[in-house]
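A.B. asks: Given the structure of chain A, go ahead and fit chain B onto it with the hints provided.
2 protein chains.
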Amino acid sequence: MNFCSSCGSKVTLLIPAGDNRHRFVCDECGIIHYQNPNVVTGCIPEWGDKILLCKRAIEPKYGSWTLPAGFMENGESSMLGAAREAMEEANAELRDMKLFSVFSIPHINQVYTMYRGVLHKGMASPGDESLEVRLVAENEVPWDDLSFPVIIETLKLYYEDRKSGNYSTHYGEIIRLDQKTIHVEHY
Amino acid sequence: MNFCSSCGSKVTLLIPAGDNRHRFVCDECGIIHYQNPNVVTGCIPEWGDKILLCKRAIEPKYGSWTLPAGFMENGESSMLGAAREAMEEANAELRDMKLFSVFSIPHINQVYTMYRGVLHKGMASPGDESLEVRLVAENEVPWDDLSFPVIIETLKLYYEDRKSGNYSTHYGEIIRLDQKTIHVEHY
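From first to last, the protein sequence lines stand for chains A and B. Under the numbering used here, think of the first position of the first sequence as 1, with each following residue one higher. Under the numbering used here, think of the first position of the second sequence as 188, with each following residue one higher.
Calculated directly from the structure, the hints in this document are not laboratory data. If a hint is listed, it holds; no wrong ones were tucked in.
Straight line, CA to CA, 16 Å or less: simulated EDC-like cross-link-like pairs of lysine to aspartate or glutamate:
no., chain 1, residue 1, chain 2, residue 2
1, B, Lys343, B, Glu372
2, B, Lys285, A, Glu185
3, A, Lys98, B, Glu360
4, A, Lys98, B, Glu372
For the chain B half of the interface with chain A, some residues (derived, Cβ under 7 Å), not all of them:
no., residue
5, Phe190
6, Gln222
7, Pro224
8, Phe258
9, Met259
10, Asn261
11, Glu263
12, Met266
13, Leu286
14, Pro293
15, Asn296
16, Val298
17, Tyr358
18, Glu360
19, Tyr374
As the structure is a computational prediction, the values presented were derived from the model and not from experiment. Every residue, glycine too, gets a C-beta built ideally from N, C-alpha and C.
Only chain A is shown next, with the shape it has when bound in the complex (with noise of 0.2 Å):
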């Protein structure tokens, strides 16, 4: 951020009165602009004892694998908006829908929240941000070529509760330690 988005003059990166953290602040009108982190909002798509993937057309990580998800938009609710996203990605209907995870990615400023829901009458096609899309049972899901750790944490949590026959909404913190490794903390 050079510029201040309400008035056009210059910002600098300075601690306000009675703040405690850096903020771009306006040096002629003194707007404060505050950047926050942003939600990601995606689904489980159920069918049977399928779920449904689809395969990355845009970067980063064109080409693997993953579930539909995205930036939540201003007036949406985060439930809508994981629905919304599976449209868009997927042409898929989610019904029935459940709060299954939410993940904050401090390192990215992003927070995830994750519902599963049943993919309705199992019709899916691929959107513009798919190349394809694909209903997988466990044995098929390609957790080499997923897209994102958080996406393979969620779809681990999934199948254990899966197993147990025992949903819970799961909470927690993907951390990255260092280039190649990532941990993940459960609360």
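C.D. replies: For chain B alone, kept in the frame of chain A given last:
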């Protein structure tokens, strides 16, 4: 938003190619400035049969009673953000925190994540944003003088769960129907 925060040129509200929503786009450098919901994270500090409430020393709702909560910051998890808010607003140390609720509030572009947790040693005192803090039993909660609908809803659910002895993670949507009417949708 009037100006590009990257190059300082004017922005125009338009639907970018491949998108389906209006965004502020820079007339010069073409950067798309997405605007997304914020996470507000907070907690219910428990001490025996009491919980901690704070009297707001800031607008909006100056003087009303609330739970410690505030905007999640970059680089933190929603749980540690909730603990930070308890410390800032009430000098309260929270332990053994559990995710209690996740409510979207679409008309103000917010998602509330609320945790319950043990108030360490039952100790608290007003921080800069609080006029007063108080440990209250259920029959002392000032229901008509609470800050926001999401706080009222959180506390209603909390006391229901406490009565049953069975806590779960609640989620849903706080919907403003008109100036005077709030509807809570439970998923």
